[in-house]
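There are 2 protein chains.
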Amino acid sequence: MARDPKYDILFTPVRVGPKVAKNRFYQVPHCTGAGVRNPGSQAGHRGIKAMGGWAVLCTEACSIDPQSDCTPTELSSLWDERDVENLRFMTDVVHKHGALAGVEMWHSGHGTPNLDTRAVPYAVHQWGPTSWKGLQAYSREADEDDIKALVGLYVEGAKRARDAGFDIVYVYGSHRSLFVQFLMPRANKRTDRYGGAFENRARLWIEALAEVKRAVGEGCAIAARFSVDQLLGPAGIEVHEDGLRFIEYAEMEGVVDLWDINITKYSEWIEDAGTSRFYKANHQAPWVREVKKVAKMPVVCVGRLTSPDDMLEVIRSGQADFIGAARPSIADPYLPKKIEEGRFEDIRECIGCNVCISRWERGARIVCTQNATANEEYRRGWHPEKFDQTTDPCSVLVVGGGPAGLECARVLGLRGYDVHLVEAEKELGGHLRSVMRYPGLAEWGRVVTYRQIQLGKLKNVEVHLGRGELTADDVLAYGADKVVLATGARWASDGYSAAGWGAIPGADAGLPNMATPEQVIAGKEIGARVVVLDADGYFTGIGMAEFLADQGKDVTLLTNYDVVGPMHEYTAEKGLLESMMLEKGIRQITKHWVERIETGNQTKVIAYNLYRDGYRREGGPVKGKPPRRVSGATVALDCDSVVLVTARVANRALWDALKARKAEWAREGVRGIYQAGDGYAPRMIADAIFDAHRIAREFESPDPQRPRPPRRELIRWPLEDRVLSWE
Amino acid sequence: MARDPKYDILFTPVRVGPKVAKNRFYQVPHCTGAGVRNPGSQAGHRGIKAMGGWAVLCTEACSIDPQSDCTPTELSSLWDERDVENLRFMTDVVHKHGALAGVEMWHSGHGTPNLDTRAVPYAVHQWGPTSWKGLQAYSREADEDDIKALVGLYVEGAKRARDAGFDIVYVYGSHRSLFVQFLMPRANKRTDRYGGAFENRARLWIEALAEVKRAVGEGCAIAARFSVDQLLGPAGIEVHEDGLRFIEYAEMEGVVDLWDINITKYSEWIEDAGTSRFYKANHQAPWVREVKKVAKMPVVCVGRLTSPDDMLEVIRSGQADFIGAARPSIADPYLPKKIEEGRFEDIRECIGCNVCISRWERGARIVCTQNATANEEYRRGWHPEKFDQTTDPCSVLVVGGGPAGLECARVLGLRGYDVHLVEAEKELGGHLRSVMRYPGLAEWGRVVTYRQIQLGKLKNVEVHLGRGELTADDVLAYGADKVVLATGARWASDGYSAAGWGAIPGADAGLPNMATPEQVIAGKEIGARVVVLDADGYFTGIGMAEFLADQGKDVTLLTNYDVVGPMHEYTAEKGLLESMMLEKGIRQITKHWVERIETGNQTKVIAYNLYRDGYRREGGPVKGKPPRRVSGATVALDCDSVVLVTARVANRALWDALKARKAEWAREGVRGIYQAGDGYAPRMIADAIFDAHRIAREFESPDPQRPRPPRRELIRWPLEDRVLSWE
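First to last, the sequence lines map onto chains A and B.
Counting in the numbering used here, the first sequence runs from 1 upward without gaps.
Counting in the numbering used here, the second sequence runs from 1 upward without gaps.
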């Protein structure tokens, strides 16, 4: 199907300084965990999007000096020739596919602990310590000599960027980077030429932009990424004050060729990279529109845009000139091409879960719930839209239609297998059908709908619903050559957790006063006073608490962790979730776990402080006795209902039954049975889908259960480097 | 001075399987952050210790399969030939200096989230999720096929270890690794041959040891690292139960050549790597002695041993056969050589602060408070005991005798400069003189005493005490060719912090009801009810709280962080500090900061919840107003005294005055003035000392203030790897 010509405007070229972007699809700078230490992943991830039709591909933040070292998170850098060489792999691939390459030159000001380099950053003021995830970050108040040196670092960085082949060079001033610290009146109390009045606070950024433009502006476009509003009112940058003022000033000075616009709170970028739980697509529009009213240079906006009609509206309404994207481009590197070809139903839409961000924040490579191939382009050689046809086109039974079963069936189908997907229930989706009913998580349902639609287009995949749970006999008699079990997991009904080294005495979701999350969503009656026990630490405990608070219940959330839902520290949702719990009156009890639950006239949760052991050892080993006093410190919570968010348990009964009958497999014509997803080991949705995808990609391996070793970006240490100077 | 022959026993060779260790100094496996991705650092750090006289040098934990991936922390691995090649650099250097190289083969069981590899680990049971620093770790219950595969992984790993040149191959079963999970009755509920009775729980470890010995035992010694007691009484492994039982069983089977013994709690290794705050040197002795009573094979013990007499006692008393060390070997790589040569006073003793561990736990390279050259051996070419003589032997005035000034004077002295160290006070030590009086931190004083003794031995260094604060005139008139200012920092007296974007209204340490930490230690009177305000997040807030609680005060610690002292999560002290606070009745208020302090009839601290902003945005930008409701949620704390642990402020008045007179420097014969330590930017002690050391090493640079770029272990990406498979 060809696309409606009304979308043509998305494919008109746009001039950016001395360059021309071939269309309006612009991958803004975003982290992947590749940096310069994993140049293959960097080139692979950006390159695949260039193939998929994006006109501009940018790196993540790219440090211009060891002063800005974000270890252990992996960013790019432009410190010397090694960086230039490694980044050139990315720009070569991007250019080969007709796109432009951008690099986001970054200096942290205060804000990085420089754990690797041990350098002290110049900043607007001596600052801190700020505890950056537990480690202290320091800075030095830059004097005028330091400021001159700073501008020099940008110029040196820009020259290296040009040499590495970049077309667009950012002088990044967004989120919490150096220039923001100078621009914010709340942060900048300087009394010299770089503090005070607006022009003074803007001076450093303008100087850096001007010098960079002078140095490389003939060949490269100069971009500024700018958080035009910090949502703090007069305490921060406001779009109607210094926001627009800076735009106009910089354009008057002629130092910027492109604006990459967002909003942010200083320390929390959820206002930019908003999750679907809190923000809808294009949620930054009201601020970006104001910029477009004054800016003469092209404007990029972002906001998790995945719908072609929303994009059309952005361009037509004059909200922006480019459809910027980070997460939508990760979820679907071929988004522009699919729009270009009118294949709207094939778009794999971002669900806004921020699991990508969570991995980078934790110091690892990004992953994607929707796109199992994200960041695997280089090391596993996976192309999101191309699949090797199988050399062994046999029949495969996939048992279970949750995320893993759906993905496995999809990929096996694309690879030419004859696939039967059999689901016990009447609907596809597995545990996601329950999860998407948690407050704010409806968009997560895209995981199911995308795959459902794709399966519908594959003639060699049959989907059978409502078949009830298959037995080992059913499976062996099915007639399939190979079988994949994707039987999923369930929440423990006995309070089992790692925190408690087992079940909770007295816990039983079969009783009327206790419930698992599935039971809560399915409508089991819950009393007025609820205690949610969360040893999981992700979205379920908080989800249950909010779900029940919204029904007017009195909710206490008890967890073994230091904070409720520690995983959300990494999805950038922690702050807003804390605010939500405060606003909805959800009480928190942290650092406790449950000794027992009493059911009687009154349900009681008896919990102990994890740190009740005395802090001093008393003497040496005595058989049968720990060498420290244990205090009896416990709390007793009276309640009507207890919700058990303790651990998920793999549904392995079918596998165990089949494994016990392995001798019969050959006789029944079954050549192999494998496990995918939570049935193998309960995992985050992204990992369960990844694993199912991997098994389907590697289905001809001697044992698809065991991953093929991916290509490593660990390089053999060259002999000339094997020298210790003091020897 | 030659050593007393009574210490000779420390230098007798010890047979270990087919190998001989030349003496009893044994660097046990410990992390450095080098792994296999930084082979130069790995070889440099271990190699320097081989030069310093250690008989055995081991790697950190070394993963035998992608199932055990500790990203973002950096460990070694033995997955393929690339690892073998990179690790061979270390073994070559170690062998060159006559020492043995050991490798600690490691499988995590459950416990690693495998953020990079995305593999699912085999474990004793499906387990979890455990939240490993916020991210969820999963595992699969290993069936008998999986267990067979597991043993195979150890054998493959051992063969690669042998090929890489290792002499000692560990089959690691300590702390919280795979074999512990099988051995612990509390963790192992299996009903097959690998669960239940002791022999069953021990079976997997014994099988792995036996197979590894069969595979490489002819050329390599097989070591087992074992936590013989988990300090949990019958709930864990006890030395008098399964601890000694396992030792005897393994020796009966003849599968172990060496025991590397420690104690640990399952999830907290502070009981092994105890800080001086909690544990004295050789604190594990009562447990190790029990092992030595039954073990026939040589036993390594650890326990922050730095005193030659303590070591002598360990060997003579039959407590152990080897003096094991991790931290003491980091603080002084030449510890054995200094003992061998009778230079006891030159030993740079570990202070037990665990800053080394903190960096690795955070995903970075280790550093050391005492030894600025630790982990800089390769990349900066620093040898801890060798110093290039200056080519420009001028006179240098060092202003300030705190840690940075002492270190700078020491290194400048060793490099042949004519150094005058001038200290305002009558004693050396700077802020450490106050810090070492915090509860448990007395050993930190070694930072001062070591340097004081070393300066005393340098004829070209003069130390002048009690000179009062120098003025710019004093400095310019001093007659020195160059000057280093190490003027330190002080605690803010106005409640300044990054958390509050400035000072706290009403805060003034000049008032009788408020105090800085220095004032508290100096004896300022503190009332009965105290609120400690901690925006620092490290040892000072907790130190103040404990110091005052020990005096019987009623103490509340209020912090902007999620937990009190988040930095201690990384020094491994968090658990014991939480227990201490619980035991001493120190109340915690987290996630709050201070709006104002009221001084009147009643001192009041008014604090707000950091998350009091509504979680929903309301509309778009409105000038002068944040787009969300702000709740008034505050708490008011009545108290008698407030202790301000908010931020340290650099003492920069002297620098500012000198800088303003830069034109006069040349006239006065001053060729350069530089800043070292906290006066340049307040930092952790390790970083302040490092920086002072660096400036002294690079003193002939055009600008010693700017670090010379260290050698990078970022390798140029080879052309043959620049291939994307799908192109």
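Please note that the accuracy of each hint is not assured.
[To be verified] As a list, the in silico BS3-like pairs of lysine-lysine whose alpha-carbon atoms are at most 27 Å apart:
(1) A:Lys482 / B:Lys662
(2) A:Lys189 / A:Lys19
(3) A:Lys386 / A:Lys338
(4) A:Lys662 / B:Lys296
(5) B:Lys625 / A:Lys280
(6) A:Lys148 / B:Lys625
(7) B:Lys148 / A:Lys591
(8) B:Lys189 / A:Lys659
(9) A:Lys292 / B:Lys625
(10) B:Lys426 / B:Lys22
(11) A:Lys22 / A:Lys148
(12) B:Lys623 / A:Lys280
(13) B:Lys189 / A:Lys623
(14) B:Lys280 / A:Lys625
(15) B:Lys662 / A:Lys189
(16) B:Lys189 / B:Lys22
(17) A:Lys623 / B:Lys280
(18) A:Lys625 / B:Lys22
(19) A:Lys189 / B:Lys159
(20) B:Lys338 / A:Lys296
(21) A:Lys189 / B:Lys189
(22) B:Lys482 / B:Lys6
(23) A:Lys293 / B:Lys584
(24) A:Lys591 / B:Lys584
(25) A:Lys662 / B:Lys338
[As the list claims (entries may be wrong)] Listing some non-contacts, in silico: residues in chain B with all C-beta distances to chain A over 12 Å:
(26) Arg88
(27) Asp116
(28) Ala197
(29) Met297
(30) Glu341
(31) Thr556
(32) Lys604
(33) Tyr611
[Claimed, not checked] What follows is a set of in silico ranges between Cβ atoms, one per label pair, in the way DEER data are often shown:
(34) A:Ser307 / B:Gly620: 19 to 25 Å
(35) B:Gly619 / A:Glu313: 39 to 45 Å
(36) A:Ser307 / B:Gly619: 37 to 43 Å
(37) A:Ser725 / B:Arg193: 29 to 35 Å
Just so you know, the hints here were simulated from the structure itself, not pulled from any lab data.
We put the beta carbon where it would ideally sit given N, CA and C, even for glycine.
Verification of the hints:
1. A:Lys482 / B:Lys662: Measuring from Cα to Cα gives roughly 81 Å; hence the hint is violated.
2. A:Lys189 / A:Lys19: Distance ~39 Å between A:Lys189 and A:Lys19 Cα, so the pair is violated.
3. A:Lys386 / A:Lys338: The given pair, whose Cα atoms are some 14 Å apart, holds under the 27 Å limit.
4. A:Lys662 / B:Lys296: Answer violated: A:Lys662 to B:Lys296 is near 45 Å, above 27 Å.
5. B:Lys625 / A:Lys280: Distance ~22 Å between B:Lys625 and A:Lys280 Cα, so the pair holds.
6. A:Lys148 / B:Lys625: 36 Å, violated
7. B:Lys148 / A:Lys591: 38 Å, violated
8. B:Lys189 / A:Lys659: Between B:Lys189 and A:Lys659 the Cα gap is close to 21 Å, so the pair holds against 27 Å.
9. A:Lys292 / B:Lys625: It holds: about 21 Å lies between the C-alpha atoms, which stays within 27 Å.
10. B:Lys426 / B:Lys22: Violated, at about 46 Å.
11. A:Lys22 / A:Lys148: Given that 27 Å is the threshold and the Cα spacing comes to 37 Å, the pair is violated.
12. B:Lys623 / A:Lys280: Holds. B:Lys623 to A:Lys280 sits at ~23 Å (cutoff 27 Å).
13. B:Lys189 / A:Lys623: Between B:Lys189 and A:Lys623 the Cα gap is close to 22 Å, so the pair holds against 27 Å.
14. B:Lys280 / A:Lys625: 22 Å, holds
15. B:Lys662 / A:Lys189: Within the cut-off at roughly 25 Å; holds.
16. B:Lys189 / B:Lys22: With Cα atoms ~44 Å apart, B:Lys189 and B:Lys22 exceed 27 Å; violated.
17. A:Lys623 / B:Lys280: 23 Å, holds
18. A:Lys625 / B:Lys22: 40 Å, violated
19. A:Lys189 / B:Lys159: 62 Å, violated
20. B:Lys338 / A:Lys296: Answer violated: B:Lys338 to A:Lys296 is near 71 Å, above 27 Å.
21. A:Lys189 / B:Lys189: 62 Å, violated
22. B:Lys482 / B:Lys6: 47 Å, violated
23. A:Lys293 / B:Lys584: 61 Å, violated
24. A:Lys591 / B:Lys584: The hint holds at about 17 Å.
25. A:Lys662 / B:Lys338: Not satisfied, since the Cα-Cα distance of roughly 64 Å exceeds 27 Å.
26. Arg88: 9 Å, violated
27. Asp116: B:Asp116 not clear of chain A: closest Cβ-Cβ about 6 Å, inside 12 Å.
28. Ala197: Its Cβ never comes within 12 Å of chain A, the nearest being 19 Å, so this holds.
29. Met297: 21 Å, holds
30. Glu341: At about 19 Å from chain A, B:Glu341 clears the 12 Å cut-off, so the statement holds.
31. Thr556: Per Cβ check, B:Thr556 is outside 12 Å of chain A; nearest 17 Å; holds.
32. Lys604: 22 Å, holds
33. Tyr611: 4 Å, violated
34. A:Ser307 / B:Gly620: 19 to 25 Å: 21 Å, holds
35. B:Gly619 / A:Glu313: 39 to 45 Å: Given range 39 to 45 Å: violated, Cβ gap about 19 Å.
36. A:Ser307 / B:Gly619: 37 to 43 Å: 22 Å, violated
37. A:Ser725 / B:Arg193: 29 to 35 Å: 54 Å, violated
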